[in-house]
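Engineer: Letter by letter, the sequence shown follows residues 1 to 264 in the numbering used here.
Take these hints with a grain of salt, some might be off.
[What the hints assert, rightly or not] In the DSSO-like style, the derived pairs of lysine-lysine whose C-alpha atoms are separated by at most 27 Å in a straight line are:
1. Lys-207 to Lys-105
2. Lys-105 to Lys-219
3. Lys-177 to Lys-219
4. Lys-226 to Lys-241
5. Lys-230 to Lys-177
6. Lys-241 to Lys-230
7. Lys-219 to Lys-103
8. Lys-207 to Lys-226
9. Lys-177 to Lys-123
10. Lys-123 to Lys-207
11. Lys-248 to Lys-228
12. Lys-103 to Lys-226
13. Lys-105 to Lys-230
14. Lys-248 to Lys-230
15. Lys-230 to Lys-219
16. Lys-226 to Lys-105
17. Lys-228 to Lys-177
Since the hints were derived computationally from the structure, they do not count as laboratory data.
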Amino acid sequence: MHVDPEVQDTVVEALHPIRYKDLPTSGFGPLESFVENCRVVNKRTSSGIILNTARCLQSSSLSWMQRELGIPMYALGPLHASAKAVKSSVLEEDMGCIEWLNKQKPSSVIYISLGSVVIMEIKEVLEMAWGLYNSNQPFLWVIRPGCIVGSEIESLPEESIEEGVPIICRPFQGQQKLNAMYLESVWRIGFQLGGEVERGNVESAVKRLIVEEEGADMKRRALDLKQKIKDSVRIGGSSYKAFDEFVKYLKGESEEAVLKQRIR
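Construct the complete structure from the given sequences, taking the supplied hints into account.
Structural biologist: This is how it looks when you write it as structure tokens:
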């Protein structure tokens, strides 16, 4: 069931500033039914929910979920911020750009990453390339094999926040829409590139982020969130405490199971 177009821009009650069109479920019918199904499933089958986020990023949403679902929320992320770097690609890394990057001014290079699912039309690639070129700003564009056939800009919000980097996003589906809304309207460390990919819009977006004062403000906010993320995963931080609480819960469940086994 598709949501009424007139409802798409309506803010979801108690979830300001999230609009219905920002939700991953916006194409599956009324939000109320989805939430009710989640509430029933989680109360019956779950003792808690593990979330790969930090309370400093989504405090109000976590509080809302806690009230609605009535079970513990373990916000113990971002996991990559506390885990050792692990190679996640089977492709050999191309280190040829490092020498060039080292010659650029700090925070002057825009990084373009294409998604891993949707394929970009050649026309879109050319428009984006011309827009980047016309902006006169240095850029590094990673193009995976097979992504151009006749994509999306992949949204990795918490990875960019961890590095204190603002982002231009172009969401297409699922979680990307909600990520983009948070980046633009809540954290205010980026903005969305909507409509068709057109060189003039791409050029303006790049200059807005890299050259204009608005982009500098986004950078400052991104650096502030970067520090908050670091504080969250350190000893005593909210994510560290959540992980510790989760481990204690598992130990308690394990000890209870052993006790029940002995009684039998």
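Engineer: Going back to the hint list, which numbers does this structure go against?
Structural biologist: none
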